[in-house]
Amino acid sequence: MTALRSTDVSKVFEDGFTALSDINLSVEPGEFVTLLGPSGCGKTTLLKIFAGFYAPTTGRIELNGNDVTNAPPEKRDTAMCFQSYALFPHLSVAENIEFGPKQNRIDRTSRTGRVNELLRQVDLEQHRDKLPNKLSGGQQQRVALARALAIRPSVVLFDEPLSNLDAKLREQVRREIRGLQREFGFTAIYVTHDQAEALAMSDRVVVMRGGRVDQIGAPEEVYERPETAFVADFIGSANLLPFRRVDDHSVETALGRLTVADQPDSSARFLCWRPEDAEFGVTQGENLITANLSERAYQGSYTELHIPLPDAPDQRLHLPGVAAGIGDRITFRLSPERIRFVRGELE
Amino acid sequence: MTLRRGLLILALLTPGLGVILLMIGSVFYVAVMQSVGFYNLTGEDSFSLEHWRKVLDSKQFGRALSYSAYIAVVASIGSVAIAYPIAIWLRRPFRGSLVISALLKAPLFVPGLVASFLFLNVIAYHGIVNQLLMWIGITNAPIRLQNDRGAWGVVFLQLWKNMPFALLLLTGAVQSISDEVLDAARDLGAGGFDRFRKVIAPLTVQAMQASLIIIFIGAAGDFAFQVTAGPTNVQSMAQYMVFLKDSFGRWNQAAAVGLSLMVLALFGSLMLAFTARILSKSGKW
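Chains as they are written, first to last, in our numbering: chain D, 795 to 1141; chain Y, 26 to 310.
A few of these clues could be false.
[To be verified] The calculated lysine-lysine pairs, modelled on DSS-like cross-linking and capped at a C-alpha distance of 27 Å, are:
no., chain 1, residue 1, chain 2, residue 2
1, D, 924, Y, 84
2, D, 928, Y, 270
3, D, 869, D, 842
[To be verified] Simulated restraints, written as ranges between beta carbons of each label pair:
no., chain 1, residue 1, chain 2, residue 2, range
4, Y, 204, D, 904, 28 to 36 Å
5, D, 972, Y, 41, 55 to 63 Å
6, Y, 204, D, 1053, 54 to 62 Å
Simulated from the structure, these hints should not be mistaken for lab results. All residues carry an ideal CB built from backbone N, CA and C; glycine is no exception.
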């Protein structure tokens, strides 16, 4: 049985703004699905529709096979982790965690057991009597997660839970969330605008733009085989070039004539390749490109190089090490298998 | 803190706090001394508890005390009880909410005596309430509504006058609670009433206490509403105090009543504030 399903869900707010259009999504039990997209793409609106805070204008929401489209949040088998943690400031850590089970009339012994177990799992046993304002951001996020898990929901909804944490802590809490998700086996719907977070955590990624789903797939799939120019550009960095089809195996671009493995279909608008796809030190074979560098940005493990093109965006290359400077002439190869075709428009 | 620093702080506070303490202190001192036989208008000053005995033995005093306490409790709790749902309703702005909020606070700008007079005009024999009752056919002739023995008129006026004040304090406090905190409570299974008693009330308890205390003190010492629209078979403490002074020239007994009113105001408001704190902490109401 599907843990969560949305069918033709749309949302139009009172001021006429259309936040979501025709969202169809099925999430399997125990799956970790991330809603990924830029600000204003409708991902949080969709999450709040799943939670019951917003009613969809059209469409249907099912939780574990039950229609919950019009059910209020308190009647849904979901729990939410909020961006601001939303801990009850007047209650201690333990009382915050106990709030949900108490509300659901779980007996005192079971409640205490759950609270103690969760405190141990999120490593906050020594902080159980503290008020939330005495905890760090990471600790508060762990309390929020424990509070959500305490009601044993079948689906946990995460609304950009790591956005208030610094980079190092974000990675640590990210691992903790994924670890707890695997341990408890709950279904997770996770909202973020951070593509690295989405790729690292998810079983599947739902890339959204302008209230619509652009692509759904495993992280490797959306990264390696983006279907639209937006997905290619939003997830990682991508070089997008207009092209003209020459024959079944080659296209004409601003980089010159390129041999391709895929054949572009009629909806394809751009040729796409990743900066790390450039192969250096190769002097023979197809798709050898020589160009002058216009910009260089050292990134630690690699150096980003820019190649200017007439009537097309700069193309970016990721060169391991630092052995290139502005004005240098370099040669690289693009493997035909690494060249994709995507539909859609550039932002 | 050094002595020098302490003295400096005291000196800096003196112009403000000193005047207040001097004013309150002198009034309180005179009232206390007068109630035990000093500061007489005529006759010799001498220490005596006779004035207190006469006041405390008086049935009129007992009735005035319980009546004022009753009005103050009903006014403070009633005002807060009415103001809370309105404050929650007005928590997030909507079309017209500003106008509604302004209208609800309008009674703050109407002096109590004027409000009483207007109220009497509405419920008097010739008022629109009686006219309406006769026009609908419920009564054949005007009925007496003013100065009712149950003090409903005074209670109404107290709520009308004090609810906006409670609303003023509670609106700010309720608005300071984030949407996400309330959403979290809802998400964890709390319905409307549970969200109020487990989240909103504890997080706004200070505004609630301030409302209860200030309204209680004002209502306990009410004179204008009582004299204009109150029942004629019982006096409020303030009315009784003035009555003793004006009708019999019993300044010393009036001072004893005044001090009793202060004790009632202090004790009652503290009790209400304490009860509000306990209830909001336990979440068992």
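Status of each hint after checking the structure:
| no. | hint | result |
| --- | --- | --- |
| 1 | D:924 with Y:84 | violated, 54 Å |
| 2 | D:928 with Y:270 | violated, 57 Å |
| 3 | D:869 with D:842 | holds, 14 Å |
| 4 | Y:204 with D:904: 28 to 36 Å | holds, 31 Å |
| 5 | D:972 with Y:41: 55 to 63 Å | holds, 59 Å |
| 6 | Y:204 with D:1053: 54 to 62 Å | holds, 56 Å |
Hint check: violations occur at hints 1, 2; the rest are consistent with the structure.
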